Each structure stands twice: as C-alpha cells, then as structure tokens.
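Please construct the entire structure, taking both the sequences and the accompanying hints into account.
Respectively, the protein sequence lines represent chains A and B. Numbering (my numbering) for the first sequence: 442 to 894. Numbering (my numbering) for the second sequence: 409 to 473.
Check each hint, because a few of them may be wrong.
Unchecked claim - Below, a list of computed lysine-lysine pairs in the DSSO-like style, where the Cα atoms sit at most 30 Å apart:
1) B:436 / A:759
2) A:726 / A:713
3) A:833 / B:460
4) A:651 / A:726
5) A:616 / A:713
6) B:436 / A:769
7) A:494 / A:545
8) B:437 / B:414
9) A:812 / A:759
10) A:659 / A:677
11) A:697 / A:790
12) A:616 / A:651
13) A:759 / B:437
14) A:769 / B:437
15) A:550 / A:539
16) B:436 / A:766
17) A:470 / A:833
18) B:437 / A:766
19) A:759 / A:790
Hints in this document: simulated from the structure, not taken from any laboratory. Since this is a predicted model, take the numbers as computed values, not measurements.
Single-letter residue listing:
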Amino acid sequence: MASVRSHENIELMTYSEVVEISGYVGNFKVKIRKKPRYVDASKCTGCGTCQDKCPARTASEFDLGLGQRKAIYTPFPQAVPNVPVIDTETCIHFTSGKCGACQKLCEAKAIDFEQREEVAEVEVGSIIVTTGFDSLDPSDMTQFGYGRYDNVITGIQFERMSNASGPTGGRIMLKDGSIPHRIAILHCIGSRDVNYHEYCSRVCCMYSLKFSHLLREKIPDAEIYQLYIDLRCFGKGYEEFYNRLQEEGVNFVRGKAGEITDIAESPEEEGKLIVIAEDTLVRRKRRTPVDMVVLSTALEPRADADEVARLFSISRSKDGFFLEKHPKLDPVATTTDGIFVAGCCQGPKDIPDTVAQASAAAARVIAMIDKGVVAIESAISVIDEDLCCGCKTCVSICPYTAISFDEEKQVSVINEALCKGCGTCAATCPSGAITSRHFTTEQIVAQIEGAMV
Amino acid sequence: MSFEPKIVGFLCNWCAYAGADLAGTSRKKYAPNVRVVRVMCSGRVEPGFILKAFQQGADGVLVCG
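Okay, structure coming up:
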C-alpha cells in the first residue's frame with residue numbers, strides 16, 4: 442500500500458466512495474464522494490499525538506471488539522495514508538461541542554472540525570472492482586453459542602489475538618485472561634451448508650491449520666482439535682503443511698460439530714465448553730471438552746454488493762458474488778466492457794489466487810492503455826442514414842442507451858462502443874433503416890428456412 | 409406414426425441459448441423437435457420471423473429470452 446501511495450501514476454483516494462458512473466469503456470466519468478476526515482491530510486505529519494491524547498474511547502472495529510480505539514484514529518497501525526479520521530459518533534467535540542483536545546495539541550494545525558464532504562469527478566478508461574468480502578456473523582447459529590459463551594470466537598478474532606500488535610499483544614487468552622489448554626477449531630461454519638452458503642469458502646481449511654501451528658508455538662502443551670468435513674489442502678505446498686501439522690500432534694476429527702454446550706455430563710467436562718460431533722471415521726458420537734472454540738466462518742459477499750453491482754453494471758452469480766464474463770476463458774472481465782473484477786468480490790479465494798487475478802486485471806487494463814484504441818464488437822447495429830426517418834423509436838427502446846439523435850441530420854446515431862448488438866432496434870425500426878450485423882433479416886430468414894427443411 | 413411437431417426456437421444468446429448450450433455440455437438430452445435459431449437478444453425477433461416460421465410449416469414457435 443505504501444508503494445502504491447508513493448507511485449507517481451497512482452492517485453490513492455481512501456475514505457471515499459464511488460457514487461455515480463457514466464460513459465463507456467475508454468470514457469468513464471466517475472463521481473467520487475470524499476468523506477470528511479476532519480483532519481487535513483496535506484498538513485498531518487502522522488505523529489499520533491492526537492490519538493494518544495484523545496479521551497474518548499470505543500470498541501475497535503479492526504480488533505472486532507477485542508480492543509478499544511480512540512475517537513480520532515487510524516484503523517490499524519500500518520494504514521495508508523497515516524492520517525487519522527474522527528469518528529463523529531464517539532468524538533466529544535461532535536457530540537457535545539466541548540473537548541477539542543486534538544485541535545489544541547496538534548502541532549501541524551491539521552485538525553479541521555469544519556471539513557465538509559467533497560465530490561470529485563474523474564475521467565478514467567477502465568475500472569477494476571476489488572471490494573472484497575464480509576465474514577459471516579455466526580450469532581444466529583444458536584447451536585454454536587457465539588455471543589452466548591465467552592470463549593467461542595471467530596477465526597478473525599483469533600487472528601487479532603495472535604497478532605503481536607493486537608489487543609492482547611499476541612497472547613492467546615480466554616475472556617478471564619487465563620491461557621486455554623484445550624482448543625477446538627470448527628471448520629465450515631456457514632460454508633458447505635445448505636442453510637447458509639452452499640459453496641466452499643476455500644481459505645478456512647488452511648487458516649485453521651495455520652491457527653493450530655500458531656497455537657502449538659504459543660502454547661506448546663495445548664491439546665488442539667480440528668473438526669472438519671473434508672480437508673481441502675489444494676494449493677502449492679498446502680498438503681505438505683497438513684502433513685507437518687499431523688506430525689506436530691494436532692488431533693484431526695472428521696465430523697462437523699453439531700453443537701457446543703456448557704452442560705457437563707462428567708466431572709472432566711465441568712466448567713468446559715463441550716463440542717459435540719459425530720466422528721465419521723470411527724462411527725461414534727464424540728464429546729470433546731475444551732476451553733476455547735474457534736469458528737472458521739464463511740466468506741460471503743459484502744452486505745452492499747447489490748448496490749455496488751448496480752452502480753458498476755455488474756451481474757452477480759447465484760451465490761451473490763460478482764459474475765465474471767466467463768468462468769474459464771475470461772475470469773477477470775465482466776459483461777460491461779472496461780470494468781474488471783479481482784479478489785474475493787468475485788468469489789472466495791486465497792492470497793495467491795487473489796494476487797494472480799489482480800495482476801491479470803491490471804495487465805488487461807495496461808494492455809488497453811498501451812494499445813490506445815478499443816476493439817469493439819463486430820456484431821453491432823448500423824443505421825442507414827438515407828432510410829432513417831428520424832422517428833426516434835430506437836432511441837427510446839435501446840437497453841444500453843447506445844442510440845442518440847443527431848438534430849442537425851435528423852437521424853439516429855449508434856455509439857459503437859456502447860452497442861452490444863442485441864438487435865432490438867433493428868426489429869423495431871419501422872422504416873427498416875437499421876441492420877443488425879451478422880443477424881440481418883435475410884440471414885435469420887434463411888436460418889428459419891433451413892430449420893424447416 | 410405419432411405426431412411429431414416441428415418447433416422453431418428463437419433463443420437469446422445470453423440466457424436461453426446459453427442454457428441450451430449448458431444442457432449439451434452437461435450431457436442432457438432434449439427433444440430434437442426444437443430447431444434453434446440464435447439471436448443476440450429476444451428483442452431482435454420481429455413478428456415477420458414468427459410468421460415466416462409458420463409459413464414454412466412450423467407447428468409452434470418458441471421465443472426464449
């Protein structure tokens with residue numbers, strides 16, 4: 442991110458949102474709403490004094506509620522640019538008009554409570570959408586007790602906990618601050634499940650294995666249980682990593698956990714969380730008492746994917762992720778020319794696959810820029826100006842708004858870059874002035890005759 | 409001999425034709441009574457095409473899109 446920001450040909454706009462897009466490949470006009478940070482990015486030196494001195498605290502979104510942040514904050518230590526933002530709902534100045542400590546203490550005089558929202562308009566040739574994913578919230582899967590039991594956490598919460606700069610300084614601990622000695626990691630929470638998402642989230646097997654490895658390192662005597670449906674270690678070096686963990690003494694149980702309970706049935710289960718699952722390899726029900734449960738939750742489309750899809754004219758597949766033009770032959774393009782997708786917004790994928798897809802999308806865009814011209818479809822509609830009577834019927838029915846009216850010549854004009862060749866105009870034109878290339882009336886009539894032989 | 413209708417199907421390239429194509433790649437069989445004419449959009453189908461199909465002896469016309 443830091444090198445992206447310092448690149449002379451890249452303008453990075455963070456804390457901004459695309460609100461409107463018009464135009465077509467090579468000529469997009471994009472309206473971007475820049476939300477107010479209340480900090481002047483051109484003056485801020487990123488010293489962090491404001492964050493140290495701010496008296497207002499709230500739960501940190503980045504730490505998923507495990508830690509706290511101030512009202513003026515950067516979402517995480519490596520955030521680019523290193524310019525904080527004020528959360529107006531927590532800030533004492535915005536809620537009661539008092540405080541203003543950050544403004545008084547900022548040596549660079551960068552705090553500006555009067556900052557307003559701005560709308561920037563840029564012209565671009567192509568667009569790559571990389572809006573990512575949301576992690577499934579397991580709160581409504583009552584059988585797992587997430588939110589009910591203190592020590593049932595999600596994979597991302599575990600990730601924050603194991604991070605050296607995270608809320609616990611890298612220590613894996615229970616809610617009461619003690620160290621867990623028996624930990625269960627449950628795979629496929631919301632993935633491969635007809636009640637939630639039928640697809641496989643692809644990354645959970647490997648990150649669950651990584652968690653085991655981290656736990657082994659941090660708590661050497663820990664008993665670790667992995668409860669899985671199938672282990673899908675499909676990538677380069679992944680199977681080897683799985684073998685290594687088996688040698689490290691991680692317990693693998695083939696069976697999806699059905700329930701987590703705190704109702705003990707024997708003395709050794711007292712005060713523990715009991716994971717109930719059917720071990721399908723030995724064909725018996727297994728009760729595993731543990732201190733901590735990690736839920737490997739599914740990757741799902743962003744909550745606003747529908748809105749974003751509409752804005753960028755992208756289709757979505759059945760599972761809600763953005764639809765590529767072709768699953769094998771064109772996995773980075775979309776049905777709208779000049780708009781590409783990369784990463785988890787197109788479907789769950791791991792880091793190597795995301796990097797590969799993003800590189801492909803960047804290469805596609807660079808190739809278009811380098812060429813300087815855009816190759817358009819040959820199967821588009823053309824208007825015979827001599828026959829066009831100027832009735833404008835085609836202008837109103839074109840689903841791609843590719844047809845406009847030339848007032849001077851009094852004829853309709855087709856924008857070749859926007860026309861998708863659907864031929865609706867050709868079918869509608871009362872004077873027969875429009876020809877749908879490769880699907881002319883003569884060609885179709887000949888096909889009908891051929892079909893009836 | 410039982411009656412076998414001849415049906416002309418105008419199939420949209422993006423949905424119905426893709427569906428017929430998918431049936432093929434999925435090794436599914438469908439009756440050979442439908443003879444497919446691919447169009448880029450069902451909007452391309454003119455009333456004249458349908459009349460032409462009937463004139464040529466079609467028992468039915470299917471416009472899918």
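Checked hints:
Distance restraint check for residue 436 of chain B and residue 759 of chain A: the Cα-Cα separation of roughly 21 Å lies within the 30 Å cut-off, and the hinted pair is therefore satisfied. Taking the CA atoms of residue 726 of chain A and residue 713 of chain A, the gap is near 18 Å; set against the 30 Å cutoff, the hint holds. As the CA atoms of residue 833 of chain A and residue 460 of chain B are separated by approximately 27 Å, the hinted pair is consistent with the 30 Å bound. Among the hinted pairs, residue 651 of chain A with residue 726 of chain A is consistent with the structure: their alpha-carbon atoms are about 27 Å apart, no more than 30 Å.
The straight-line distance between the Cα atoms of residue 616 of chain A and residue 713 of chain A is roughly 13 Å, inside the 30 Å bound, and the hint therefore holds. For the proposed pair residue 436 of chain B and residue 769 of chain A, the alpha carbon gap of about 21 Å is at most 30 Å, so the pair holds. Taking the CA atoms of residue 494 of chain A and residue 545 of chain A, the gap is about 10 Å. The hint holds against a cut of 30 Å. Our distance criterion of 30 Å between C-alpha atoms is met by residue 437 of chain B and residue 414 of chain B, whose separation comes to about 17 Å.
A threshold of 30 Å between alpha carbons decides the hint, and for residue 812 of chain A with residue 759 of chain A the separation of about 35 Å lies outside it, so the pair is violated. Annotation: proposed proximity of residue 659 of chain A to residue 677 of chain A holds, straight-line Cα distance about 26 Å (limit 30 Å). Straight-line distance between C-alpha atoms of residue 697 of chain A and residue 790 of chain A comes to about 22 Å, which keeps the hinted pair within the 30 Å bound. For the hint linking residue 616 of chain A to residue 651 of chain A, the alpha-carbon distance of about 22 Å falls within 30 Å, and the restraint holds.
About 24 Å separates the Cα atoms of residue 759 of chain A and residue 437 of chain B, which keeps this hinted pair within 30 Å; it holds. Restraint check for residue 769 of chain A and residue 437 of chain B: satisfied, since their Cα atoms lie roughly 24 Å apart, inside the 30 Å limit. Between the alpha carbons of residue 550 of chain A and residue 539 of chain A the distance comes to roughly 18 Å, so the proposed pair stays at or under 30 Å and holds. At roughly 24 Å between alpha-carbon atoms, residue 436 of chain B and residue 766 of chain A fall within 30 Å of each other, so this suggested pair holds.
The straight-line distance between the Cα atoms of residue 470 of chain A and residue 833 of chain A is roughly 26 Å, inside the 30 Å bound, and the hint therefore holds. For the hint pairing residue 437 of chain B with residue 766 of chain A, the CA-to-CA distance comes to about 26 Å; that is within 30 Å, so the pair holds. A distance of roughly 17 Å separates the Cα atoms of residue 759 of chain A and residue 790 of chain A; the hinted pair therefore holds under the 30 Å criterion.
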